[in-house]
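Chemist: Given the coordinates of chain X, assemble chain R onto it according to the supplied hints.
Here the protein sequences come in this chain order: X and R.
Going by our numbering, the first sequence opens with residue 1, and the numbers climb by one from there.
Going by our numbering, the second sequence opens with residue 1001, and the numbers climb by one from there.
It should be emphasised that the hints constitute simulated quantities derived from the structure, not laboratory data.
Take the hints with a grain of salt, since some may be wrong.
Stated by the list, open to error - Pairwise CB distance ranges, derived in the manner of DEER restraints:
#1 R:Ser1146 / X:Glu36: 30 to 38 Å
#2 X:Gly112 / R:Arg1087: 43 to 51 Å
#3 R:Asn1042 / X:Leu126: 39 to 47 Å
#4 X:Lys18 / R:Lys1088: 29 to 37 Å
#5 X:Leu120 / R:Lys1123: 55 to 63 Å
#6 R:Arg1118 / X:Glu47: 52 to 60 Å
#7 R:Lys1089 / X:Ile110: 48 to 56 Å
#8 R:Arg1087 / X:Leu126: 28 to 36 Å
#9 R:Lys1123 / X:Gln46: 44 to 52 Å
#10 R:Glu1048 / X:Pro107: 53 to 61 Å
#11 R:Arg1120 / X:Glu47: 54 to 62 Å
#12 R:Asn1080 / X:Leu120: 26 to 34 Å
#13 R:Asn1042 / X:Gly112: 50 to 58 Å
#14 X:Gln46 / R:Glu1026: 27 to 35 Å
Quick reminder that beta carbons are idealized off the backbone N, C-alpha and C, glycines included.
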Amino acid sequence: MKTFEEDKELKQFLRSVKLESPADGFSARVMNRVFEEKAAFEQVKQEPVLGRGFWIILALFAALFAVMALVSGTPVAESAPSILPEINTDAVLTGYRSFFDKLGALPAGIAGIFMASSLLILLEKLLSSRSHVLS
Amino acid sequence: MENKDDNYYIEKVINGQTSYFSYIVEKYQDIVFSIALKVLRNREDAEEMAQESLVKAFKSLHTFQGKAKFSTWLYRITYNTCISETRKKKYHYTSTDDIQISEEAEDMNLDGIPEENRERYVKAALAKLPEDEYTLVLLYYFEEQSVEEISKVTGLTASNVKVKLHRARKKLYTILNDMLQEDLYTIL
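Isolated chain X, as found in the complex (with noise of 0.2 Å):
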């Protein structure tokens, strides 16, 4: 009795059969779609890491920490009247003080954690927002 491997006459007589072969356009299509995936992942390599967005929101951070900074180094007193004369700010900025106050009083370890979390937070979103362009 012969084995799968010694039986060159069944594999002569199966081989003597073309294989089914799908419709025609099958390999322009499937063309078709490479190209478009090519040119998805040129699109994703030419996008900056950090999208407009993100410098967006940093713009707005450093304008807030620079209105900060301005409203802190001057007087409330002499400053507030000449900005909003009509309103008493000083609540909002004694408020506005005691925030920063707590939030300069973290330990380091705390600071680092939330700095780190916020961090891996943006790396996720960034990586999944390319992810979703090249599935």
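Modeler: Just chain R now, kept in the frame of chain X:
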């Protein structure tokens, strides 16, 4: 089509000449489609998954290290893609594994099958095999893959591949023998 080794085209594609991937598509589309057709049993789904498999291969071409044959790597992607699809769509097929193997059938002379009927015989016989055995037959007899390579494609152990190929061969002889007997009976 230029007659070059697969690695030549792969290198070109990796270096940015995407159109060279069409050589790979042309060369392997029939076998990729045949595997998909057997697993999914419907031409429309099979074409979709064959396309999906080739696109997946393109996307991860840079990860192909050339340690195994490219065809082995591609068939593994195809096989896994089609199997995942059957699980996702929860296909339930009735088992075709009900062929009573006849030990005597192996003695049949394949030359006794007229040439004009061979295609019909082979297609009918392959259609009756369950998808795992069909894939093994396809890879072993049509694609001349070794038992070890088939093992990498299907995830079966080499000894399991051998056992299944042994059974598939016996089944093929049984089916072919039965068909020949039926045809002879009809003529007489």
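Chemist: With reference to the structure, classify each hint as holding or not holding.
Modeler: Here is how each hint holds up against the structure:
no.	hint	result
1	R:Ser1146 / X:Glu36: 30 to 38 Å	36 Å, holds
2	X:Gly112 / R:Arg1087: 43 to 51 Å	44 Å, holds
3	R:Asn1042 / X:Leu126: 39 to 47 Å	40 Å, holds
4	X:Lys18 / R:Lys1088: 29 to 37 Å	31 Å, holds
5	X:Leu120 / R:Lys1123: 55 to 63 Å	56 Å, holds
6	R:Arg1118 / X:Glu47: 52 to 60 Å	56 Å, holds
7	R:Lys1089 / X:Ile110: 48 to 56 Å	49 Å, holds
8	R:Arg1087 / X:Leu126: 28 to 36 Å	32 Å, holds
9	R:Lys1123 / X:Gln46: 44 to 52 Å	49 Å, holds
10	R:Glu1048 / X:Pro107: 53 to 61 Å	57 Å, holds
11	R:Arg1120 / X:Glu47: 54 to 62 Å	55 Å, holds
12	R:Asn1080 / X:Leu120: 26 to 34 Å	32 Å, holds
13	R:Asn1042 / X:Gly112: 50 to 58 Å	57 Å, holds
14	X:Gln46 / R:Glu1026: 27 to 35 Å	31 Å, holds
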